[in-house]
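> So the chains spell out like this:
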Amino acid sequence: MLILDCPYCGVRAEETELHAGGEAHLKRFGPGSSDEDFHDYLFMRENPRGVHFERWRHVSGCGKWFHAARCTQTLEVFGTYSAQTTEPPQQITDAISAKRPGWTWRGLSD
Amino acid sequence: MSEAVSALNGASFAGLARVEETGLGGMITLRGDFASAAFRAAVKTATGGDLPDTRRIAFGDRGAVAWMSPDELLLLVDYAEAAAVTASLARDLAGEHHMAVNVSDARACFTVNGASAREVIAKVAPVDLAPGQFAPGDFRRTRFAQVAGAFWLDEADVFHIVCFRSVAAYMFNLLSTAAHPQARVGVYS
Numbered sequence: 001m002l003i004l005d006c007p008y009c010g011v012r013a014e015e016t017e018l019h020a021g022g023e024a025h026l027k028r029f030g031p032g033s034s035d036e037d038f039h040d041y042l043f044m045r046e047n048p049r050g051v052h053f054e055r056w057r058h059v060s061g062c063g064k065w066f067h068a069a070r071c072t073q074t075l076e077v078f079g080t081y082s083a084q085t086t087e088p089p090q091q092i093t094d095a096i097s098a099k100r101p102g103w104t105w106r107g108l109s110d
Numbered sequence: 001m002s003e004a005v006s007a008l009n010g011a012s013f014a015g016l017a018r019v020e021e022t023g024l025g026g027m028i029t030l031r032g033d034f035a036s037a038a039f040r041a042a043v044k045t046a047t048g049g050d051l052p053d054t055r056r057i058a059f060g061d062r063g064a065v066a067w068m069s070p071d072e073l074l075l076l077v078d079y080a081e082a083a084a085v086t087a088s089l090a091r092d093l094a095g096e097h098h099m100a101v102n103v104s105d106a107r108a109c110f111t112v113n114g115a116s117a118r119e120v121i122a123k124v125a126p127v128d129l130a131p132g133q134f135a136p137g138d139f140r141r142t143r144f145a146q147v148a149g150a151f152w153l154d155e156a157d158v159f160h161i162v163c164f165r166s167v168a169a170y171m172f173n174l175l176s177t178a179a180h181p182q183a184r185v186g187v188y189s
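So the sequence lines, in the order shown, correspond to chains A and B.
Here the numbering used here is used: position 101 in the first sequence is 101, and no number is missing along the way.
Here the numbering used here is used: position 157 in the second sequence is 157, and no number is missing along the way.
This list has only true hints and no planted wrong ones.
Each pair of labels, with its calculated beta carbon distance range: (1) B:A4 to A:G22: 41 to 47 Å; (2) A:G21 to B:Y188: 33 to 39 Å; (3) A:H19 to B:A4: 31 to 37 Å; (4) B:G48 to A:R28: 42 to 48 Å; (5) A:Q73 to B:A83: 53 to 59 Å; (6) A:R28 to B:R31: 25 to 31 Å; (7) B:S36 to A:R28: 29 to 35 Å; (8) B:P136 to A:H19: 28 to 34 Å; (9) B:G10 to A:R28: 49 to 55 Å; (10) B:P181 to A:G50: 48 to 54 Å; (11) B:T22 to A:Q73: 44 to 50 Å; (12) B:A37 to A:A83: 24 to 30 Å; (13) A:H39 to B:S2: 52 to 58 Å.
For the record, the hints were derived by calculation from the structure and aren't laboratory data.
The model shown is predicted, which means the values in this text are computed figures rather than measured ones.
Virtual Cβ for every residue (Gly too), placed ideally from N, Cα, C.
Bound conformation, chain B alone:
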């Protein structure tokens, strides 16, 4: 098999915040009935994480589980494991109404890190990012300027963004522009 590479090959930009493409990430779209015990068990088996609350992300020892909609989760796993995890989900959920698709190669991943990271994202997404309104473990599907994307904040105060691979260059340029050293607004400082 050919060697997989990420959309921007780890491009990074340092300004008000550090913007970085984080390389290949394993992502599985999983749809089904959240109330089903078999569904919850399968999620636990796949990632080690429990089902997250609405608009939250839950972390397990083998990955993370993000709340995408009332019937959809995004499982974040190791890139190399994604195909195998998708196959085992299909086995675990046989007979259950569900859909599990490995979307790793359709996506790009970024981090925004630094003191002004909240401001950088607030410039381009219609989300209230005031400290306390958006806390570690919160997950939000939204738009970044003109493209769809989702992001969450981890315990180390680093923002992680996922978007479609086809708009990875747009996303990187957008975040880099928002993080331009002379573009400080200071709204959260």
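So here's chain A without its partners, still in its complex pose:
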């Protein structure tokens, strides 16, 4: 079972107390964007085997959204961080680099 630390209330929450919110750090393409960009924003998602960034919500707890970086293959969690950011903080990417040298995810990499 996946266990994540909520960065807002500090609870070490197990999966049943959380709600998955899909891929993290999506860039929104709305009115005025090209059809192709809008299509990719709506439908195209990463499906990696390995390092992944996701949004989660502490739905039965403090109710806040947050981000998590984890490995889809081993369920290892590299860290959780605030939702008020458009990219993972340095300490998270450093933690991933230490354990998964050469990792890549969308535009991010080791």
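Using the hints provided, position chain B relative to the given structure of chain A.
Okay, now just chain B, sitting in the frame of chain A:
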């Protein structure tokens, strides 16, 4: 005005622990900026309690203040006073970014009391209830089996649970089942 009654009219069950619906409780959801001095003062005026630390509950002479999230508190006051306290909060916080709502009638309150109370709650909520991990004054929002709820432990080692009134019967049956006399696990004994 019609006479207010609680969801289960004080139902109780005695097994491994005593489960009891405690009747009407005054509850006010208060959201705002915890760093604001006016906000802290308003909380103090309403309950007599100070702002609690993260996941704690603070008691005052007129009520209690529970930490719900980084911008939300649950004020526990006398049921009869809840409407008046909500109105005075709105006055005290005029001009501040805040929200104060009297949610007393949307909630149900329970206590779980007895030697196996920790075990009864640990069966149905994903929380580490080992003595020392969950101490008097700790407050936790979580789920009880399939419904949302929050609970805290008071100085007399009694667990208090609040949940939505609409799921009060579910909560009571759930706790009663977990406290069935023949359902002892003995994990904390």
